[in-house]
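K.L.:
Counting from 723, one number per residue, gives the positions in the sequence shown under this note's numbering.
Just so you know, not all the hints are guaranteed correct.
[Claimed, not checked] DEER-style ranges, computed between Cβ atoms:
| # | residue 1 | residue 2 | range |
| --- | --- | --- | --- |
| 1 | R725 | E755 | 41 to 51 Å |
| 2 | R767 | I727 | 30 to 40 Å |
| 3 | G734 | P770 | 25 to 35 Å |
| 4 | A726 | S763 | 33 to 43 Å |
| 5 | F769 | I737 | 15 to 25 Å |
| 6 | V739 | L766 | 17 to 27 Å |
| 7 | P770 | S742 | 13 to 23 Å |
| 8 | I728 | S757 | 27 to 37 Å |
| 9 | V741 | P770 | 14 to 24 Å |
| 10 | R725 | T765 | 27 to 37 Å |
These are computed hints drawn from the structure, not numbers from a lab. Note that beta-carbon positions come from the ideal geometry of N, C-alpha and C, so glycine has one too.
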Amino acid sequence: MPRAIILVALIGGGIFVAVSYVTQLVHPGGVFEDSASAASSITLRCFPVPRLLIELPV
Numbered sequence: 723m724p725r726a727i728i729l730v731a732l733i734g735g736g737i738f739v740a741v742s743y744v745t746q747l748v749h750p751g752g753v754f755e756d757s758a759s760a761a762s763s764i765t766l767r768c769f770p771v772p773r774l775l776i777e778l779p780v
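Let the sequences and hints guide you as you build the complete structure.
P.N.:
Written out as C-alpha cells, the structure reads:
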C-alpha cells in the first residue's frame, strides 16, 4: 500500500478527532434548538461576531 494513502487517512482522522473534541468543549451535549443551524451556533460561540454583521436585511 502506498504511504500517501495511509498518511491521508491518518491526517484526515486526526483533523476529525481534533474538530470533534473542540466542538464538544464549546457545546457539550450536542442538543440544539434547531439542528439546521448547529454549525453556525457553534461558530458564533467560538468566534463572537457583532449581531449587526450577521442579521443584515436581505
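K.L.:
Indicate, hint by hint, whether the structure satisfies it.
P.N.:
The hints, checked one at a time:
A hinted range of 41 to 51 Å holds for the C-beta pair R725 and E755, which are about 45 Å apart. In this structure the supplied range 30 to 40 Å holds for R767 paired with I727, their Cβ-Cβ distance being about 36 Å. About 29 Å separates the C-beta atoms of G734 and P770, a value consistent with the hinted range of 25 to 35 Å. Distance hint check for A726 and S763: the Cβ-Cβ separation is about 36 Å, which falls inside the suggested range of 33 to 43 Å.
A C-beta distance of roughly 18 Å is found between F769 and I737, which places it inside the suggested range of 15 to 25 Å. Range check, V739 to L766: Cβ separation about 23 Å, and the 17 to 27 Å hint holds. Between P770 and S742, the C-beta spacing of about 22 Å keeps the proposed range 13 to 23 Å intact. A hinted range of 27 to 37 Å for the beta carbons of I728 and S757 is consistent with their spacing of about 34 Å.
One distance hint, 14 to 24 Å for the beta-carbon pair V741 and P770, holds here, with the actual separation near 19 Å. A beta carbon spacing of about 35 Å between R725 and T765 agrees with the range 27 to 37 Å that was offered as a hint.
No hint from the list above goes unmet by this structure.
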